[in-house]
Amino acid sequence: MLPPQCTRLASTPIRVLRERVAEDPDFLFEYIEEVYRVIERHEPQIRAYITLRPKEEVLGEAEALLKSGKLGPLGGALVALKDNISTRGIRTTCGSRMLESYVPPYDATVVSKIKESGGIIVGKTNMDEFAMGSTTENSAFYPTRNPWDYERVPGGSSGGSAAAVAACEATVALGSDTGGSIRLPASYTGTVGLKPTYGLVSRYGLVAYGSSLDQIGPIARCVEDAAIVLDVISGHDPRDSTSLRVEVGGFEKYVVDEPLKSYRVVVIEEMIGEGLDKEVAGVFSKVLKKLESRGLRVEYRSMPLLRYSLSAYYIIAMAEASSNLARYDGLRYGIQPEVEAVHWTDAYGRVRTAGFGYEVKRRILLGAYILSEGLYEGYYLKAAKVRRLLYEEFVRLFREYDLAVSPTSPTLPPRIGEVITDPIRLFSLDVNTTPINLAGLPALSVPGGLANGLPVGVQVFGPPLSEGPILNLARIIEVSRSE
Amino acid sequence: MVKRLSALTLVEVDPQKEEVLSRDLKRIVEMFNEIARLEIAEGVEPLYTTFFGEVNLRDDEESEPVGVGGLNLCGERLEDGYLKSPKTL
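Chains A and B supply the protein sequences, listed in that same order.
Read in order, the letters of the first sequence are residues 1 to 483 in this note's numbering.
Read in order, the letters of the second sequence are residues 1 to 89 in this note's numbering.
Worth flagging that the hints you see were computed from the coordinates, not collected in a lab.
Among these hints, one or two may not hold up.
[To be verified] Pair ranges (Cβ atoms, derived): (1) Asp80(B) <-> Tyr376(A): 38 to 46 Å; (2) Gly417(A) <-> Pro65(B): 48 to 56 Å; (3) Glu45(B) <-> Pro304(A): 15 to 23 Å; (4) His343(A) <-> Lys17(B): 49 to 57 Å; (5) Phe52(B) <-> Glu269(A): 23 to 31 Å; (6) Gln336(A) <-> Pro65(B): 18 to 26 Å; (7) Lys253(A) <-> Pro65(B): 42 to 50 Å; (8) Pro4(A) <-> Leu57(B): 16 to 24 Å; (9) Pro304(A) <-> Leu78(B): 57 to 65 Å; (10) Gly53(B) <-> Arg327(A): 19 to 27 Å; (11) Leu57(B) <-> Val103(A): 23 to 31 Å; (12) Pro304(A) <-> Glu12(B): 48 to 56 Å; (13) Arg88(A) <-> Ala7(B): 35 to 43 Å.
[Said to hold, decoys possible] Selected chain B positions facing chain A (Cβ under 10 Å, derived; list incomplete): (14) Leu10; (15) Val20; (16) Arg37; (17) Thr49; (18) Phe52; (19) Ser63; (20) Lys84.
Every residue, glycine too, gets a C-beta built ideally from N, C-alpha and C.
Take the sequences, apply the hints, and build the full model.
Structure below.
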């Protein structure tokens, strides 16, 4: 499922790229030239990138990679990175004026792994400021447009990454997902986006938003590419105190066209209830029928507590954000104000006032409100208890079922400007994705089909560390689409 | 509410946007009140993280000091090898 910007050559998947380059190294140069042609043609409208590396630099790296003979599992793939992932020597803005000229002195662990595995960084992608938003309209620089319809948003906050991959301006991308920021843009741009189990992928070098919720994950044009990238970036990292000590790898082998077991699949009724667009419901229902036609049993369960998950998520995320963003003081990070003869509180206030945009300020203010004395117990503590109850309900659910499916978003991609002025409507786009982050579960959005010419994503999720079966079911949905 | 929170967080808001912000905050807090009103049984422990593994703590390791040269990211603030900062007293 590709939008019109893609050409056959620019849409080459990783496995094919790897094989073609092994046969004929010059293919890598042809491929890079073609992707840059697509970028030159369409980037002025889409604006997926904040920082794009010059083609000559990328070609030079490709040459060095070929000379080294270590093509690795990525085989020269062009990888776009969300601009909140630290890159040594390449500025990392977080979509904010605050970090407009910040150049990290180190690579995030995922970036080191990408480079060691034959990936070439093509650029840094646009995002909602500090990952706060669901449309990529909150970028301090410019909004990114959806390659399927330039009048619509690509989703957020990893909207630049998803748009770049959808339009074939990169082979794959990395995004970060705190409450749906990989899956929602994947759904709106017809790409595959995977949020791993909390702790499976290192957060070292990811600029923190909600530390107990954030995860880095791949955005790709097909399930197989997502699995290959997950194989590369997952694994224990001593630099991340919440990195899981588990054996990883072999995700690619789950990408087969038949179910590896007779999965028991569940649909949570609250995820297909109130607020679901009829176009989205139509595509989702077709996907369920196709799963059943392949012999998979699909059952329905109610989880009434889910009606509180959106509020619980935003309370926790805003509380964590207001604390995490306190580090932008203009000394270590952030724009640098005049400090001569200025009191610390004035200097600090000036940095924060000038550096943060409206949405970030709104969330900092709310985070401080939630955590204030006398209100903390009623909001933050209560939300953390709801999180516990929700987590336990998911544990019980996945004793009975292997996997769950839902629409990723209840709506088709909104028009630019349509939801940005209404915070509740904006938050509601995340209604089916936020419960997953609260419980630390893995989840993936895979295109289920088109409605009115726009992509509709299906979310597949499961218990912790079920990425393999999730990729398998996602692949089945992917191949069923053309049947 | 906006003025109080603004002073507390040291974040000033554009006066032209204050009214909109105030309205937004009220609506969001109203949404959060769903949680505040929810009755939860005694004994439910709050969940702050879904990481249940062993927390990784690295051993202390001696490393090369960054030195003045390493502070070049804050270059314009350096004076005679010292980092200038605002007054705190």
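These are the hints, each one checked on the structure:
With their beta carbons about 45 Å apart, aspartate 80(B) and tyrosine 376(A) fall inside the hinted range of 38 to 46 Å. About 51 Å separates the C-beta atoms of glycine 417(A) and proline 65(B), a value consistent with the hinted range of 48 to 56 Å. Here the CB-CB span from glutamate 45(B) to proline 304(A) is close to 21 Å, well matched to the stated 15 to 23 Å. A C-beta distance of roughly 26 Å is found between histidine 343(A) and lysine 17(B), which places it outside the suggested range of 49 to 57 Å.
At about 29 Å, the CB distance of phenylalanine 52(B) to glutamate 269(A) agrees with the hint of 23 to 31 Å. The hinted window of 18 to 26 Å between glutamine 336(A) and proline 65(B) holds, with their beta carbons roughly 23 Å apart. Remark: the range hint 42 to 50 Å for lysine 253(A) to proline 65(B) is upheld by a beta-carbon distance near 46 Å. Remark: the range hint 16 to 24 Å for proline 4(A) to leucine 57(B) is contradicted by a beta-carbon distance near 52 Å.
In this structure the supplied range 57 to 65 Å holds for proline 304(A) paired with leucine 78(B), their Cβ-Cβ distance being about 59 Å. Our hint of 19 to 27 Å for glycine 53(B) and arginine 327(A) holds, since their Cβ atoms are close to 26 Å apart. For the pair leucine 57(B) and valine 103(A), the beta carbons lie near 29 Å from each other, so the given range of 23 to 31 Å is met. Roughly 42 Å separates the CB atoms of proline 304(A) and glutamate 12(B), a value that falls outside the hinted 48 to 56 Å.
The hint said 35 to 43 Å for the Cβ distance between arginine 88(A) and alanine 7(B), and at roughly 39 Å that hint holds. Hint status for leucine 10(B): holds, given a least beta-carbon distance of 4 Å to chain A, under 10 Å. Taking 10 Å as the C-beta contact cut-off toward chain A, the hint placing valine 20(B) at the interface holds, the least distance being around 8 Å. The interface hint given for arginine 37(B) holds, since its Cβ lies 9 Å from the closest Cβ of chain A, which is under the 10 Å cut-off.
Proximity of threonine 49(B) to chain A holds as hinted, the smallest CB-CB distance being about 5 Å (cut-off 10 Å). Given hint, phenylalanine 52(B) at the interface with chain A, holds; its Cβ is 9 Å from that chain's nearest Cβ, closer than 10 Å. Here the hint on serine 63(B) is broken, as its CB sits about 13 Å from the closest CB of chain A, past 10 Å. For lysine 84(B), the interface hint holds, the least distance from its beta-carbon to any beta-carbon of chain A being 6 Å, beneath 10 Å.
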